[in-house]
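With chain A fixed as given, assemble chains B and C onto it according to the hints.
Chains as they are written, first to last, in this note's numbering: chain A, 11 to 103; chain B, 82 to 278; chain C, 17 to 556.
Read the hints as simulated data drawn from the structure, not as lab findings.
Ideal placement from N, C-alpha and C gives every residue a C-beta, glycine not left out.
Check the hints yourself; a few may be wrong.
[Stated by the list, open to error] Calculated Cβ distances over 10 Å to all of chain A for the following chain B residues:
(1) Ser114
(2) Leu140
(3) Val161
(4) Asp173
(5) Arg177
(6) Met225
(7) Ile229
(8) Gly235
(9) Arg243
(10) His262
[What the hints assert, rightly or not] Incomplete in silico selection of chain B near chain C, CB under 7 Å:
(11) Ala92
(12) Phe93
(13) Ile101
(14) Leu106
(15) Gly107
(16) Phe111
(17) Ala113
(18) Met117
(19) Gly121
(20) Leu122
(21) His128
(22) Ala133
(23) Val211
(24) Ser214
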Amino acid sequence: MAADTRAPSTPRRTGYGLVYLVLAAVTALELWITTLGLAGSVRTPIFLALSFLKASLVAAFYMHLRSDSRTYLFVFILPVAMVVVFGLVMLIR
Amino acid sequence: MTQHTLPHSEAFRAGKSLGIDHLKLGVWLFLASEVMFFGGLIAAFLHYKVNAPSSQAGLLSVPLVGANTFILLTSSFTVVQGLAAIRRGSRDGLVRYLSITILLGAIFLAGQAYEFSSLYRDGVTLQSSVFGSSFFTLTGFHGMHVFIGILWAGSTLLRAARGRYSKEDYAGVEVFGLYWHFVDIVWIVLFTIIYLV
Amino acid sequence: MSSEPLAAPRPNWRRYLTWNTDHKVIGVQYIVTTFLFFLLGGVLAVLVRAELIRPGQDLVNGEEFNRLFTNHGSLMIFLWIIPVLAGFGNYLMPLMIGAQDMAFPRLNAVSYWIIPPAGFLMISSFFVGAADTGWTAYVPLSISAPDGQTLWALSVALLGVSSILGGINFITTAITMRTEGLTFDRLPLFVWGMLATSILMVVATPVLSAGLVLVALDRLVGTHFFTVAVGGDPILWQNLFWFYSHPAVYIMVLPAMGIVSEIFPVFSRKPIFGYKAIAASSMAIAVLGLLVWAHHMFSSGMDPRLRIPYMITSMIIAVPTGVKIFSWLGTIWDGKIRFNTPMLFALGFISMFLIGGITGIFLASIPVDLHVTDTYFVVAHLHFVLFGGSVSAVYAGLYYWFPKITGRMFDERLGRAHFWMNFIGTNLAYLPMFLAGLLGMPRRVADYAPEFTTLNVLASIGAFLLATSTLPFLYNAIVSWATGPRAEANPWRARTLEWQTDSPPPPNNFPVSPRVTGGPYDYGEQAPAKPLTPAPAAGK
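If we strip away everything but chain A, and leave its shape as in the complex, we get:
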């Protein structure tokens, strides 16, 4: 079964490699931050932001959401938004 007919983005090996290095660096950064003994209210937003960055990089570049039809992005974003809403409500109770 042929893949979608949009012009495929040139497989940029250096692009994927760069993303990988960023992911590894951010993970190392996160592990370093755990050793700092920061207060929970400071750690939490930082870690959430960093993990959101990592997840977005994987989704955008490895899963090609950035270059493919926006429909796939919408299909993925809607449930993510719902999980965030549901998760927040669950935290309150």
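Relative to the frame of chain A, chains B and C by itself:
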């Protein structure tokens, strides 16, 4: 067996004109349902983390699991390298990268197994506390998904070795990749909310 | 185009008993199988109403009664109304968009074949210490309930998988397989309804699955998700459950609204009023429907600060729903109305869904809800929307597409008799329940205070009338399918694509792939009518 007046490829014309491949759309929709499934388990874990905190959480090992996180991230890299290889027409490249992916996935699972058994030794079990219940359920289902991913990688590898994929026809590899990267993303979230935050 | 009747093909019953990836076969399999569960659920309802015709536990004791209403609700929701509408979607969607089959025919067959074993599991749960917690299975009761509860949970989880796979198939099909010329603004409203429904199926169902996993683990493995003594929280289950089960009610009604949207223009010979509004409202209801679940939990002890936002979102949902109702009225207004059976059921749908819907707004109001929650007021509300509403629409659809599916015409007089028995029975059964609830009669009880007796007698008589009303339908359906007069391709003179091919359609649906040049509801246009008959397509 239905007789088709339209060749199979013509049946999905409407999607193609929108730049949408039906197989990819189907997989993304499946991933959407998986997001919601993990979302339910994550919500349960977070609910108890905040409302019924447990000292047992202190027994988690960040360094070990941090290393495991590197392993899984690397495996995502090898998967996408495999895809790039077949898009260049390199069957051998695909086979090589898939093999490394399987190896990394297995190492990840071994790491998880080690983490689980040390926790069990320290008295953190499915039944020891609400934390134990929610921790093992959430990470257990993730591990299950990695295992299924390894099996899928294996079958993709076998097909690749037999020459099933090519520069023009690699949708099966792409679809496997979407699943694997998704499992990686779930781990990124889990690592953060369980071990970091 | 074949308008001359072909030699009447003997229906090949055996086709429907085996694995088949043809969406038309799967659609019929869904409809017939789920109808059997409908009848079974109806038997349980009759037993419930027989017990309630007098105060006191005369026919069954409290425990047995709990099993009756639990399985009645579970059968009706999970094995009847949700899958039967998926069955309609399966049969009709490819035809309506000019495609040859669904996007994933084998996955489609898998979705159907999950249903018989899941049904078997739910029925067998009855015999191993049945589920007796109500279909809502609140914890901690459902953790300590007998073994049947585990089978119940497994059954529901399997049916959830079937639903999710179906949703994936519907969305992919509607987006990628529309025939040439069938742009989104020409998509039949039933397809829009199925699209909106499918979003909910994919997004909401997995959360229930997660909840069922937690319940199963607590029951089977001894986890403590819901052990209150060590910090477990029963409200967590309620949230997981209702996050799905509220959108579920839209899963149960959006396709039904799609069905009546198809019927009104045909039987009024008028274009649909407000096509874009109806399509947009379906999508709006789906999205909003994901944000209102806690209105089922107003009296649960949930954080009081959250109640008002849920009340507001729940009331807002009435707006797109109202848009649909006014659009349907605008469609039939001044139309050349034919009161065939499908139209009668569609009209019945509007009137009865309206009662159910408006009482839903009453329930959205927190102070009212705190007074009537867990009373018969809720039972009346839900039966007006689900029975008066969705089931009426299912019957409307069954009669409307009967000639297309079977190639034969049903008996119109029997159809009318069925309609009137159904309409009178529904109102007689459920209107008294509103009053009983307001006066304080709780739901899910086998015994009640004597002052509620008259209302219960009326309700039970209505229920028995409803039970009897299925007889003319069954007779009509079975005998007409076997020996009814041959139907032509388009007996209703409708304009959607399924009517532009034979009755029943050939295996590949259309001999030549259709090319669409106009909308599906352009009735009574003065200019040379642009039919949707397959033009000599620029294809194969």
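Results of checking the hints against the structure:
no., hint, result
1, Ser114, "8 Å, violated"
2, Leu140, "15 Å, holds"
3, Val161, "5 Å, violated"
4, Asp173, "16 Å, holds"
5, Arg177, "14 Å, holds"
6, Met225, "19 Å, holds"
7, Ile229, "18 Å, holds"
8, Gly235, "20 Å, holds"
9, Arg243, "16 Å, holds"
10, His262, "5 Å, violated"
11, Ala92, "6 Å, holds"
12, Phe93, "5 Å, holds"
13, Ile101, "6 Å, holds"
14, Leu106, "5 Å, holds"
15, Gly107, "5 Å, holds"
16, Phe111, "6 Å, holds"
17, Ala113, "6 Å, holds"
18, Met117, "4 Å, holds"
19, Gly121, "3 Å, holds"
20, Leu122, "5 Å, holds"
21, His128, "6 Å, holds"
22, Ala133, "3 Å, holds"
23, Val211, "5 Å, holds"
24, Ser214, "4 Å, holds"
The structure is inconsistent with the numbered hints 1, 3 and 10, although it conforms to all the rest.
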